[in-house]
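Peer 1: Under my numbering, the sequence shown has 30 at position 30, and the numbering climbs by one with no breaks.
Check before you lean on any hint, since a few could be wrong.
[Claimed, not checked] Within a straight-line C-alpha distance of at most 27 Å, the following computed BS3-like cross-link-like pairs (lysine-lysine) qualify:
| # | residue 1 | residue 2 |
| --- | --- | --- |
| 1 | K4 | K14 |
| 2 | K69 | K14 |
| 3 | K18 | K4 |
| 4 | K19 | K68 |
| 5 | K14 | K68 |
| 6 | K69 | K19 |
| 7 | K69 | K18 |
| 8 | K19 | K4 |
| 9 | K69 | K4 |
| 10 | K68 | K4 |
| 11 | K68 | K18 |
[Said to hold, decoys possible] Okay, the calculated beta carbon distance ranges per label pair:
| # | residue 1 | residue 2 | range |
| --- | --- | --- | --- |
| 12 | I36 | G87 | 16 to 26 Å |
| 13 | D37 | K14 | 14 to 24 Å |
| 14 | D37 | D85 | 10 to 20 Å |
| 15 | G87 | E50 | 12 to 22 Å |
These aren't lab readings, by the way, just hints derived from the structure by calculation.
Ideal placement from N, C-alpha and C gives every residue a C-beta, glycine not left out.
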Amino acid sequence: MMLKILLPAEVMLKQEVKKIIAEAENGSFCLMPNHIDFVATLAPGIFTYEPVGGGQELLAMDVGTLVKKGPDVLVSTRNAVRAPDLGKLK
(Lines of atoms letter the chains of each structure in order from A and count residues from 1; the text may use other names and numbers.)
(Lines give C-alpha, C1' and ligand atoms only; values in the text may rest on other atoms or scores of the structure.)
Protein backbone atom coordinates (compact mmCIF):
# COMPACT_ATOMS: atom_id res chain seq x y z
CA MET A 1 0.00 0.00 0.00
CA MET A 2 1.19 3.53 -0.65
CA LEU A 3 0.73 5.56 2.55
CA LYS A 4 0.62 9.34 2.25
CA ILE A 5 0.25 11.51 5.38
CA LEU A 6 -0.76 15.12 4.77
CA LEU A 7 -0.36 17.98 7.25
CA PRO A 8 -1.79 21.46 6.56
CA ALA A 9 1.55 22.80 5.28
CA GLU A 10 3.37 19.71 3.96
CA VAL A 11 3.36 16.09 2.89
CA MET A 12 4.82 14.48 6.02
CA LEU A 13 5.24 10.99 4.60
CA LYS A 14 4.91 9.08 1.34
CA GLN A 15 6.02 5.47 1.74
CA GLU A 16 5.19 1.94 0.65
CA VAL A 17 3.86 0.00 3.67
CA LYS A 18 2.54 -3.50 4.35
CA LYS A 19 0.44 -2.84 7.48
CA ILE A 20 -1.26 0.11 9.20
CA ILE A 21 -2.77 0.26 12.70
CA ALA A 22 -4.76 3.38 13.60
CA GLU A 23 -7.29 4.57 16.16
CA ALA A 24 -10.78 5.63 15.13
CA GLU A 25 -13.52 7.09 17.28
CA ASN A 26 -14.99 3.60 17.78
CA GLY A 27 -11.69 1.75 18.42
CA SER A 28 -8.48 0.72 16.72
CA PHE A 29 -8.27 -1.06 13.36
CA CYS A 30 -5.68 -2.66 11.09
CA LEU A 31 -5.32 -2.29 7.32
CA MET A 32 -3.49 -4.80 5.13
CA PRO A 33 -2.90 -4.59 1.34
CA ASN A 34 -5.98 -6.63 0.31
CA HIS A 35 -8.37 -4.85 2.69
CA ILE A 36 -11.54 -3.46 1.13
CA ASP A 37 -11.77 0.27 0.46
CA PHE A 38 -12.29 2.06 3.75
CA VAL A 39 -12.90 5.50 5.29
CA ALA A 40 -12.46 6.41 8.98
CA THR A 41 -12.38 9.46 11.20
CA LEU A 42 -9.19 9.17 13.26
CA ALA A 43 -9.09 9.92 16.97
CA PRO A 44 -5.98 11.39 18.61
CA GLY A 45 -3.61 8.54 19.41
CA ILE A 46 -0.81 6.31 18.17
CA PHE A 47 -0.62 5.57 14.43
CA THR A 48 1.59 2.58 13.57
CA TYR A 49 2.78 1.36 10.19
CA GLU A 50 5.19 -1.28 8.91
CA PRO A 51 7.33 -0.25 5.93
CA VAL A 52 7.79 -2.86 3.19
CA GLY A 53 11.49 -3.12 4.13
CA GLY A 54 10.61 -4.23 7.68
CA GLY A 55 10.43 -2.68 11.12
CA GLN A 56 7.70 -0.61 12.69
CA GLU A 57 7.23 3.17 12.75
CA LEU A 58 5.16 5.15 15.27
CA LEU A 59 3.44 8.51 15.02
CA ALA A 60 1.53 10.46 17.65
CA MET A 61 -1.38 11.81 15.63
CA ASP A 62 -4.07 14.43 16.14
CA VAL A 63 -7.62 14.00 14.82
CA GLY A 64 -7.82 13.30 11.12
CA THR A 65 -9.33 11.35 8.27
CA LEU A 66 -8.09 8.14 6.64
CA VAL A 67 -9.19 7.02 3.17
CA LYS A 68 -8.10 3.69 1.63
CA LYS A 69 -8.89 3.25 -2.06
CA GLY A 70 -7.23 0.33 -3.77
CA PRO A 71 -3.52 0.34 -2.90
CA ASP A 72 -3.51 4.00 -1.80
CA VAL A 73 -4.02 5.14 1.80
CA LEU A 74 -4.37 8.88 2.38
CA VAL A 75 -4.31 10.35 5.89
CA SER A 76 -5.05 14.01 6.51
CA THR A 77 -4.38 15.36 10.01
CA ARG A 78 -3.69 18.66 11.75
CA ASN A 79 -0.53 17.46 13.46
CA ALA A 80 1.65 14.36 13.74
CA VAL A 81 4.98 13.64 15.43
CA ARG A 82 7.27 10.76 14.48
CA ALA A 83 9.37 8.88 17.07
CA PRO A 84 11.58 5.78 16.99
CA ASP A 85 9.78 4.20 19.98
CA LEU A 86 6.76 4.76 22.20
CA GLY A 87 8.80 6.20 25.09
CA LYS A 88 9.99 9.09 22.89
CA LEU A 89 6.40 10.18 22.14
CA LYS A 90 5.80 11.43 25.70
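Peer 1: Hints first: check each against the structure and report whether it holds.
Peer 2: Checked hints:
no. : hint                     : in the structure
1   : K4 with K14              : holds (4 Å)
2   : K69 with K14             : holds (15 Å)
3   : K18 with K4              : holds (13 Å)
4   : K19 with K68             : holds (12 Å)
5   : K14 with K68             : holds (14 Å)
6   : K69 with K19             : holds (15 Å)
7   : K69 with K18             : holds (15 Å)
8   : K19 with K4              : holds (13 Å)
9   : K69 with K4              : holds (12 Å)
10  : K68 with K4              : holds (10 Å)
11  : K68 with K18             : holds (13 Å)
12  : I36 with G87: 16 to 26 Å : violated (35 Å)
13  : D37 with K14: 14 to 24 Å : holds (20 Å)
14  : D37 with D85: 10 to 20 Å : violated (32 Å)
15  : G87 with E50: 12 to 22 Å : holds (19 Å)
Violated hints, listed in ascending order, are 12, 14; each of the other numbered hints is respected by the structure.
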